Structure formats: C-alpha cells, structure tokens
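Q: Read top to bottom, the protein sequences are chains A and B.
Using the numbering used here, the first residue of the first sequence is number 1, and each one after it goes up by one.
Using the numbering used here, the first residue of the second sequence is number 1001, and each one after it goes up by one.
Check the hints yourself; a few may be wrong.
[Unchecked claim] Here are a few chain A residues that sit away from chain B, every Cβ distance over 10 Å (derived from the structure):
1) 4
2) 7
3) 16
4) 37
5) 43
6) 49
7) 80
8) 84
9) 98
10) 99
11) 103
12) 105
[Said to hold, decoys possible] Below, computed lysine-lysine pairings styled on BS3-like, alpha-carbon distance capped at 25 Å:
13) A:38 / A:102
14) A:44 / A:106
15) A:102 / B:1043
16) B:1043 / A:106
17) B:1076 / A:38
18) B:1058 / B:1076
19) B:1043 / A:38
[To be verified] Chain B side only, calculated, beta carbon under 7 Å to chain A, not exhaustive:
20) 1041
21) 1044
22) 1047
23) 1112
Source of the hints: derived by calculation from the structure; they are not laboratory data.
Here the structure is a predicted model, which is why all the values come from computation and not from measurement.
Note that beta-carbon positions come from the ideal geometry of N, C-alpha and C, so glycine has one too.
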Amino acid sequence: IQVSQSPSSLSASVGDRVTITCRASQGISSYLAWYQQKAGKAPKFLIYAASTLQSGVPSRFSGSGSGTDFTLTISSLQPEDFATYYCLQVNIYPWTFGQGTKVEIK
Amino acid sequence: QVQLVESGGGVVQPGRSLRLSCAASGFTFNKYGVHWVRQAPGKGLEWLAVISYDGRNKFYADSVKGRFTISRDNSKNTLDLQMDSLRTEDTAVYSCAKGYYDSSGVTALGLDHWGQGTLVTVSS
Chain A
1 IQVSQSPSSL
11 SASVGDRVTI
21 TCRASQGISS
31 YLAWYQQKAG
41 KAPKFLIYAA
51 STLQSGVPSR
61 FSGSGSGTDF
71 TLTISSLQPE
81 DFATYYCLQV
91 NIYPWTFGQG
101 TKVEIK
Chain B
1001 QVQLVESGGG
1011 VVQPGRSLRL
1021 SCAASGFTFN
1031 KYGVHWVRQA
1041 PGKGLEWLAV
1051 ISYDGRNKFY
1061 ADSVKGRFTI
1071 SRDNSKNTLD
1081 LQMDSLRTED
1091 TAVYSCAKGY
1101 YDSSGVTALG
1111 LDHWGQGTLV
1121 TVSS
C-alpha cells in the first residue's frame, strides 16, 4: 500500500490552522497513525486509529478520515509545532509512511 | 520508563554485512511486537521490518526483503537486525520501535516508543 502525503512543505504563522493530507492507494479502514518529528529527534506518536489522540497530545491536534483519505489538522499553530509530520498506514504489512510534511515558520 | 537503545552502526563497504542490536527496558518485552525503521540523511522515515512478540512472525519492506533478517531474544530483551549485501542506498539512521496495540493486544495501531537510532554508512 502506497501513501501519498501532501503538501511536502508549508509555511504558516503562529495561530494559523494547518491541514495535512494523506491518501492511501487502497482502503485501509482507520488504520492510520500520525507522527511529529523535530530535527535530530525520534518521532513523537500523535494520533492512532486515524482520529484518537495519544495520551498527552494537545487538543489542538486532530485527525480524521477513513478508507483512503485522511487529514491531520492543527487548529492553532504554536511555536513548538514547527516540525515535520508523517502519516503511517498500519493496516497491512509492509507498513508504509507518507513522504512527510515540513511545517515552517512564515 | 520505556527505553530502546540501538547499537552496532558504523561504516561498512558495499556488499558487506552488519548486525544491529536494540536493548529494550521499561516494559514487558515478550508481550510486544518490535520494529525497525530507518531514515536516510535528509529524507523521510522508512519502515523496514517487524517481529511478533514470540518471534514466530516476521514481515519486511520490499526494499530489504531477502537481505535483512530481524530476530529477537526474549531472555535478554534484545532485538537484532542482520543486514547483508549492503548497498550505498542503505545509508541511514536505523531505529528500533515498540508496537502500540489496541485493548485486545492483538491489533497493532502504530509505534509508541522509539530509540534514538544508530548510523549506518555504506561506502567504499
């Protein structure tokens, strides 16, 4: 299963609403996870089952979608949210990551 | 707290082999599937392989199938990745990660803890 993530990068300001999309090449139900990675750090687990926030993740993060189309939304971008975000399909092995979206400061 | 610490990285020539290890602590190792993921310099994440909690089931990415072998030792809480026939495109930071499961403990929903990784450089 291939996963296409878009955009590859975006520029936004603090307080902006940001949306990142992943599209799977075939239906994966809700078996999608989202990660945040900062430079030189291990990825942080944000969301699983497409829309369930991992413990401790701020409520400004949300996920939606099922089947082939999924969205990660940051409702009000904070300074600590500037990072690269990845989706990961976990429906069937081999698992596959999206290509990543780098969120930069405008 | 959960800790995953990789070791074994280094510089290796194309066509040679290297074995990576991951030492796990802070959780009941023999109850979880564990994975390897890599990230080439300046590139995105690539999932590589998984081994089930009991070592019976293994799955690989197409890019490493037939060249890499995942294994585990539940008596030592360690995970290994044997990498053979290495190529220059295998140059990356290799990380181990713990599977995150649903309440039944059967369905994997992601990776919830990661190590910091070990760098493998394949170069002549």
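Q: Now tell me if each hint is right for this structure.
A: Verification of the supplied hints:
With a least beta-carbon separation of about 12 Å from chain B, residue 4 of chain A lies farther than 10 Å from that chain, consistent with its non-interface assignment. Non-interface status of residue 7 of chain A relative to chain B is upheld: no Cβ of that chain comes within 10 Å, the nearest being about 14 Å off. Every CB of chain B lies more than 10 Å from the CB of residue 16 of chain A, the least distance being 23 Å, so the non-interface label holds. Taking the minimum C-beta to C-beta distance to chain B, about 7 Å, the non-interface status of residue 37 of chain A is violated against the 10 Å cut.
The claim that residue 43 of chain A is not at the interface with chain B is violated, since a C-beta of that chain comes within 10 Å of its own (minimum 6 Å). With a cut of 10 Å on Cβ distances, residue 49 of chain A falls inside the contact zone with chain B, its closest approach being about 6 Å. Against the 10 Å criterion, residue 80 of chain A stays outside the reach of chain B, whose nearest CB is about 19 Å from its own CB. Residue-level check failed: residue 84 of chain A sits 8 Å from the nearest beta carbon of chain B, not beyond 10 Å.
Distance to chain B contradicts residue 98 of chain A as a non-interface residue, since its nearest Cβ pair spans about 8 Å, not more than 10 Å. Chain B draws residue 99 of chain A into its interface by the beta-carbon criterion, the shortest separation being 5 Å against a cut-off of 10 Å. Distance check on residue 103 of chain A: its Cβ is at least 14 Å (rounded) from any Cβ of chain B, clearing the 10 Å threshold; non-interface status holds. Taking the minimum C-beta to C-beta distance to chain B, about 19 Å, the non-interface status of residue 105 of chain A holds against the 10 Å cut.
A distance of roughly 10 Å separates the Cα atoms of residue 38 of chain A and residue 102 of chain A; the hinted pair therefore holds under the 25 Å criterion. A C-alpha spacing of about 23 Å is found between residue 44 of chain A and residue 106 of chain A, which places the hinted pair at or below 25 Å, so the restraint holds. At most 25 Å may separate the alpha-carbon atoms for a hinted pair to count; residue 102 of chain A and residue 1043 of chain B meet this at roughly 11 Å. For a cut-off of 25 Å, the pair hint linking residue 1043 of chain B to residue 106 of chain A stands: about 22 Å separates their Cα positions.
Restraint check for residue 1076 of chain B and residue 38 of chain A: not satisfied, since their Cα atoms lie roughly 31 Å apart, outside the 25 Å limit. At roughly 19 Å between alpha-carbon atoms, residue 1058 of chain B and residue 1076 of chain B fall within 25 Å of each other, so this suggested pair holds. Under the criterion of a C-alpha separation no larger than 25 Å, the hint pairing residue 1043 of chain B with residue 38 of chain A is consistent with the structure, at around 13 Å. A cut of 7 Å between beta carbons decides the hint on residue 1041 of chain B: the least distance to chain A is about 12 Å, and the hint is violated.
For the restraint placing residue 1044 of chain B at the interface with chain A, the shortest Cβ-Cβ distance is roughly 4 Å, inside the 7 Å limit, so the hint holds. At about 4 Å, the closest approach between the beta carbon of residue 1047 of chain B and any beta carbon in chain A falls short of 7 Å, and the interface hint on this residue holds. The restraint placing residue 1112 of chain B at the interface with chain A holds, with a minimum CB-CB distance near 5 Å, inside the 7 Å limit.
Hints 4, 5, 6, 8, 9, 10, 17 and 20 from the earlier list are contradicted by this structure; the remaining hints agree with it.
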